[in-house]
Structure formats: C-alpha cells, structure tokens
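Visitor: Listed below, chain by chain, are the residues.
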Amino acid sequence: MAEASYPSDLLFHPEHDWARIDDSGEPETATLGITWYAQDALGEVVFFEPPAPGTMLTKDAPYAEVESVKAVSDVIAPLSGEIVEVNEALAENPALINEDPYGEGWLVKVRLGDPAEKDALLDARSYMATLSG
Amino acid sequence: MSSSAPPALRRTPLFEQHRAAGAKLVDFSGWEMPVQYGGARQEHIAVRESCGVFDVSHMGEIETSGPGALELLQRLLSNDVAKIAIGGAQYSVLCREDGGVLDDLFTYRLDSDRYLTVTNASNHDSDLEWFRAHASGAQDVSVSDLIDDYAMLAVQGPRARELVQAISDSPLPARMTAGTRRVHGAETLVCGTGYTGEDGVELLCRPENAPALWDQIVRRGAVPAGLAARDTLRLEACFHLYGNDLTVDRGPIEGGLGWCCNEDTGFIGSEAVRAVRSAGPAEKLVAFVIDGPGIPRAHNPVRGGGEVTSGTLSPCLNAGIGLAYVPAERSAVGERLEIDVRGKMRPAVIKEKPLYRKGP
Numbered sequence: 000m001a002e003a004s005y006p007s008d009l010l011f012h013p014e015h016d017w018a019r020i021d022d023s024g025e026p027e028t029a030t031l032g033i034t035w036y037a038q039d040a041l042g043e044v045v046f047f048e049p050p051a052p053g054t055m056l057t058k059d060a061p062y063a064e065v066e067s068v069k070a071v072s073d074v075i076a077p078l079s080g081e082i083v084e085v086n087e088a089l090a091e092n093p094a095l096i097n098e099d100p101y102g103e104g105w106l107v108k109v110r111l112g113d114p115a116e117k118d119a120l121l122d123a124r125s126y127m128a129t130l131s132g
Numbered sequence: 000m001s002s003s004a005p006p007a008l009r010r011t012p013l014f015e016q017h018r019a020a021g022a023k024l025v026d027f028s029g030w031e032m033p034v035q036y037g038g039a040r041q042e043h044i045a046v047r048e049s050c051g052v053f054d055v056s057h058m059g060e061i062e063t064s065g066p067g068a069l070e071l072l073q074r075l076l077s078n079d080v081a082k083i084a085i086g087g088a089q090y091s092v093l094c095r096e097d098g099g100v101l102d103d104l105f106t107y108r109l110d111s112d113r114y115l116t117v118t119n120a121s122n123h124d125s126d127l128e129w130f131r132a133h134a135s136g137a138q139d140v141s142v143s144d145l146i147d148d149y150a151m152l153a154v155q156g157p158r159a160r161e162l163v164q165a166i167s168d169s170p171l172p173a174r175m176t177a178g179t180r181r182v183h184g185a186e187t188l189v190c191g192t193g194y195t196g197e198d199g200v201e202l203l204c205r206p207e208n209a210p211a212l213w214d215q216i217v218r219r220g221a222v223p224a225g226l227a228a229r230d231t232l233r234l235e236a237c238f239h240l241y242g243n244d245l246t247v248d249r250g251p252i253e254g255g256l257g258w259c260c261n262e263d264t265g266f267i268g269s270e271a272v273r274a275v276r277s278a279g280p281a282e283k284l285v286a287f288v289i290d291g292p293g294i295p296r297a298h299n300p301v302r303g304g305g306e307v308t309s310g311t312l313s314p315c316l317n318a319g320i321g322l323a324y325v326p327a328e329r330s331a332v333g334e335r336l337e338i339d340v341r342g343k344m345r346p347a348v349i350k351e352k353p354l355y356r357k358g359p
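Protein sequences appear in the order of chains A and B. Under numbering that gives the first Met the number 0, the letters of the first sequence match residues 0 to 132, in that order. Under numbering that gives the first Met the number 0, the letters of the second sequence match residues 0 to 359, in that order.
No lab work stands behind these hints: they were computed from the structure. Backbone N, C-alpha and C define an ideal beta-carbon position, used for all residues, glycine too. A couple of the hints might just be wrong.
Unchecked claim - Calculated pairs, DSBU-like style, for lysine-lysine (alpha carbon to alpha carbon, straight line, at most 35 Å):
{"#": "1", "chain 1": "A", "residue 1": "58", "chain 2": "B", "residue 2": "23"}
{"#": "2", "chain 1": "B", "residue 1": "343", "chain 2": "B", "residue 2": "357"}
{"#": "3", "chain 1": "B", "residue 1": "352", "chain 2": "B", "residue 2": "23"}
{"#": "4", "chain 1": "B", "residue 1": "350", "chain 2": "B", "residue 2": "23"}
{"#": "5", "chain 1": "A", "residue 1": "108", "chain 2": "B", "residue 2": "23"}
{"#": "6", "chain 1": "A", "residue 1": "117", "chain 2": "B", "residue 2": "343"}
{"#": "7", "chain 1": "A", "residue 1": "108", "chain 2": "A", "residue 2": "58"}
{"#": "8", "chain 1": "B", "residue 1": "82", "chain 2": "B", "residue 2": "357"}
{"#": "9", "chain 1": "A", "residue 1": "108", "chain 2": "B", "residue 2": "343"}
{"#": "10", "chain 1": "B", "residue 1": "82", "chain 2": "B", "residue 2": "350"}
{"#": "11", "chain 1": "B", "residue 1": "357", "chain 2": "B", "residue 2": "23"}
{"#": "12", "chain 1": "B", "residue 1": "352", "chain 2": "B", "residue 2": "82"}
{"#": "13", "chain 1": "A", "residue 1": "117", "chain 2": "A", "residue 2": "58"}
{"#": "14", "chain 1": "B", "residue 1": "343", "chain 2": "B", "residue 2": "23"}
{"#": "15", "chain 1": "A", "residue 1": "58", "chain 2": "B", "residue 2": "343"}
Claimed, not checked - The following label-pair restraints were derived from C-beta to C-beta distances:
{"#": "16", "chain 1": "A", "residue 1": "91", "chain 2": "B", "residue 2": "87", "range": "42 to 50 Å"}
{"#": "17", "chain 1": "A", "residue 1": "129", "chain 2": "B", "residue 2": "300", "range": "34 to 42 Å"}
{"#": "18", "chain 1": "A", "residue 1": "127", "chain 2": "B", "residue 2": "317", "range": "30 to 38 Å"}
{"#": "19", "chain 1": "B", "residue 1": "112", "chain 2": "A", "residue 2": "39", "range": "49 to 57 Å"}
{"#": "20", "chain 1": "A", "residue 1": "39", "chain 2": "B", "residue 2": "7", "range": "23 to 31 Å"}
{"#": "21", "chain 1": "B", "residue 1": "164", "chain 2": "A", "residue 2": "51", "range": "53 to 61 Å"}
{"#": "22", "chain 1": "A", "residue 1": "91", "chain 2": "B", "residue 2": "211", "range": "40 to 48 Å"}
{"#": "23", "chain 1": "B", "residue 1": "274", "chain 2": "A", "residue 2": "50", "range": "48 to 56 Å"}
{"#": "24", "chain 1": "B", "residue 1": "206", "chain 2": "A", "residue 2": "127", "range": "39 to 47 Å"}
From just these sequences and the hints, can you work out the full model?
Guide: Set out below in structure tokens:
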C-alpha cells in the first residue's frame, strides 16, 4: 500500500513488527507481521521462508528473514510463543507483505508463552513517535 | 555540530528528476543515487520487454589524447587497443603488475588520437591517478578528467533504439560503436553499449542538457530504472560488478575475462596474466542457479571451497542466481554445488553464461 498506516488495534515492537492479539481463547494467540515502515524501507519483498509450525519464538530475538531484491532483514519476535500457523500464501507471493502488511501479508500465528509481555509493546501512537525521531 | 559528519554525497545533474519521480535514494560510492522508483522488479521487466532508462552519471570519464595515446592505453588496458577502429568501443580490464584487477572499463576511440574511457564510480579517482602516473614524463599524451563534463544515461531494452532514434538527427551507431549525434537538439556522444544484456545505447551529454533529455526519453515511454534493477539485469547477463566479482586480489583469467586480455601487447600485468593462463587458474568464476528456494548473496561460502561474489533473485528465471569463485576442478557446467545461505545449505547447479539469454 502506498500510504503509511499504523492501525490502532495492533501492538508494535520498536524493531518494526506488529502483533494482533486474539484473547478470545485460552491460551491467547497473536498474529505477527512487519510494519508499513519496515516493508517500505525494505522495498519489494521477494522471498520469505517461514519457520516451521512448532518453532519456539523468544521475544526480541530474530525468528525469520525477509528478503528484498537488495537486502536481507531479520524479523524480530515481538512476543514469545510457539508457532501454530504460518502464512503459506507468502511462499507464492511474498509481495503480499508490501501490498497488505497488516492483512494478507501476515507472517505467523503464535500461541503466547507469556501474555504479560504485551505490556512492553507500544501502541500505534508511541510506535509512530519512534519513527519521527 | 559534529566535526566528523560524513562528507556530503555527490549528486548527478538528474537528481531533481529522481526526487520528483519518488525514487528511493541511497549512497552508492559517495553518490546519492536512485536504487529504485516504483519497484525494482517491474523496472527489470520493463528493460527486458520494452525500455528502461538509467542515470549512470556517477560513472567517470577519462580522456586520453595525443600522438602517444595509443601507446599509453596499450600499456594500461588489457585488450589490444590498436584494434579499436575510429568510432569503435572495447571492453578491457586495468591490471596491476601482479595481474590484480584495478577496474573494468569500456574505451571508445573518438578520433585517431583521442580515446574516452568510462570508469566505475568507486574507482574513478584511483584510475585517474594510475593513468596520470603512467603518462607522466611523456610529452605526447595528455590525460584529462572529464567526470564533470558528462552526464550519462543508459537507455536499454528492445525498444531503446527506436525510442532514441526518434529524437536523433541521424542513424544511431551500431552495437559496440560510438559517434556524436544531436539528440533532442543537443550534441551527444551515442554509444551502442550497455550493461543489461539488452540492446540499447548509452548517451553522454553535457550535464546541463541531461534533465531535458531524461524527461524526453521518459515521456516517450522509457521506464526510469534504478541501481537495484541494474544489478539484477547485469547478473542475469553474467556481467561482472567491480568490487564483487572483480577485485585487486583476483586476476582476469580466474574471473573469466581472458577474452579481453591480449598478453602480446605487453600491458601492465601481462606477464602475470600469461602465467595464470598457461598454468590454469586455481579458482574460476562460475554462474549458478539455486535449485529450490533461497537467495544467495555475496560472501556466502560454497561448501568444499569457494565463495559467492554476487547473488540475487532473478526476476526472469524466478530463482536464486549468482556468481561464485570455486576450485577449478569443480567449475564445469552441470557441476552441483551447495551454497551456505546464512546457515542453510542450498543446492545449486553451475550453468552456462549468460544465465539469461534472449529467445530466438
């Protein structure tokens, strides 16, 4: 998408990742992805290979890589947990990450290991403030 | 204010065109250059299928002129410069005594005693110093730095010639030749060269004429293309990028550039090049395609010895491709390799160069 956007229903990690929390079930799950800023800085994403379901994520640690024509970039886990689902559509069409970073371009779904970690994440307004600095 | 602020980046005469077109600008060898406009992939495809235009004004120009010009260039450049007809072009490398490659360059013979050599941006200053050091003492040759006298546009793709022809006062020079034309009303050196694996021309004009020329070429349908597309295009065509695939630590023979070296001319480094050619190089630069997922990148190790020097995802082959130095005994076409892409072993196959070739 051409215009920058940072939806207010998401939580953000300063390393340019987002999490959409689903607390309707027990345990809580979250969908993760990279922000508009991250995909814009990267340019067209040409390759994303998700880790396998069952992989354990540690908050603030890299768990995958996204590649554009020119660069490789680590994707940082905003929250800890176990991968329960990966976005299979990205194998065929990684540019979905550019076209719809908060929707069709989601990366993985995780079962949260420690829901209290959410408190350390930023809301959209605070995240946007880190970008203008 | 910090006293250690980085030096300001140089800008080409087309900087405002890039900014207006929404280009993403990056530092490339000290120049603020467009890496992409709309998207590198679509720019790449435009060059393969229609026409793209690149600003390559960051490349340098050295003019060597006078009765001693041929003798000097014959000593500096690896190819047989005496074979360039007036209006001709030739590719060669510049070597040290030990055969290490200092740069790879195109030289155009503009007149009987006047040659123009186009340098890579990152090497221009050191090339110029090298030319001048070897010209010093000679009364019959002069070496001039013309980097500020020229802007350079590369118009590339199957439609490039007809597009430029329409704004030229006379027929364009054939492939690998050069000549002066009036293009969009301004005197321009038109060269039938490029670095994309497509037909096309390179246009050298006065810097003040470049913006109007660029705008006209874009208006006629050329897609502005950035350094990212330039890199994927040249890699599909298996053209070397200096600093990656060629360095002072390697010679032209192992780099697959023996075809542009004529040791009988006695160029600087010719003895070393001759020795490697006769003994055979320990390593060779090969082109490969990844078999499966994964994108190789420069410095990825090759299992069993060797290293990737350039790698990308090929937009035309839709696979990871690259160039790598591998032990000579494992450099045959069809040989299978394993590339260590950040810890994952990716199978690859050595292929014929170029990796992309126009269909019949």
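Visitor: Please go over all the hints and tell whether each is borne out by the structure.
Guide: Consistency of the hints with the structure:
Restraint check for residue 58/A and residue 23/B: satisfied, since their Cα atoms lie roughly 31 Å apart, inside the 35 Å limit. At most 35 Å may separate the alpha-carbon atoms for a hinted pair to count; residue 343/B and residue 357/B meet this at roughly 32 Å. The suggested pairing of residue 352/B with residue 23/B holds, with an alpha-carbon distance near 31 Å, which does not exceed 35 Å. Proposed proximity of residue 350/B and residue 23/B is supported: the alpha carbons are some 33 Å apart, at most 35 Å.
Restraint check for residue 108/A and residue 23/B: the C-alpha separation of about 32 Å stays at or below 35 Å, so the hint holds. The straight-line distance between the Cα atoms of residue 117/A and residue 343/B is roughly 32 Å, inside the 35 Å bound, and the hint therefore holds. Annotation: proposed proximity of residue 108/A to residue 58/A holds, straight-line Cα distance about 14 Å (limit 35 Å). Annotation: proposed proximity of residue 82/B to residue 357/B holds, straight-line Cα distance about 28 Å (limit 35 Å).
Among the hinted pairs, residue 108/A with residue 343/B is consistent with the structure: their alpha-carbon atoms are about 23 Å apart, no more than 35 Å. For the hint pairing residue 82/B with residue 350/B, the CA-to-CA distance comes to about 31 Å; that is within 35 Å, so the pair holds. The hinted pair formed by residue 357/B and residue 23/B meets the criterion: a straight-line CA distance of about 30 Å does not exceed 35 Å. For the hint linking residue 352/B to residue 82/B, the alpha-carbon distance of about 25 Å falls within 35 Å, and the restraint holds.
Pair hint residue 117/A plus residue 58/A holds up; C-alpha atoms about 10 Å apart against a cutoff of 35 Å. Between residue 343/B and residue 23/B the alpha-carbon distance is near 31 Å, which keeps this suggested pair within the 35 Å criterion. At roughly 23 Å between alpha-carbon atoms, residue 58/A and residue 343/B fall within 35 Å of each other, so this suggested pair holds. Checked against the hint of 42 to 50 Å, the C-beta distance between residue 91/A and residue 87/B comes to roughly 48 Å, which is consistent with it.
Under the hint 34 to 42 Å, the C-beta atoms of residue 129/A and residue 300/B, about 36 Å apart, fit the expected range. Taken as a hint, the range 30 to 38 Å holds for the pair residue 127/A and residue 317/B, whose Cβ atoms sit roughly 36 Å apart. Between residue 112/B and residue 39/A the Cβ separation comes to about 52 Å, which falls inside the hinted range of 49 to 57 Å. Separated by about 25 Å at the C-beta atoms, residue 39/A and residue 7/B satisfy the suggested range of 23 to 31 Å.
As the Cβ distance of residue 164/B to residue 51/A is approximately 55 Å, the hint placing it in 53 to 61 Å holds. Look at residue 91/A against residue 211/B: about 43 Å separates their beta carbons, and that is inside 40 to 48 Å. Distance hint check for residue 274/B and residue 50/A: the Cβ-Cβ separation is about 50 Å, which falls inside the suggested range of 48 to 56 Å. Here the CB-CB span from residue 206/B to residue 127/A is close to 40 Å, well matched to the stated 39 to 47 Å.
In summary, the structure agrees with every hint in the numbered list given earlier.
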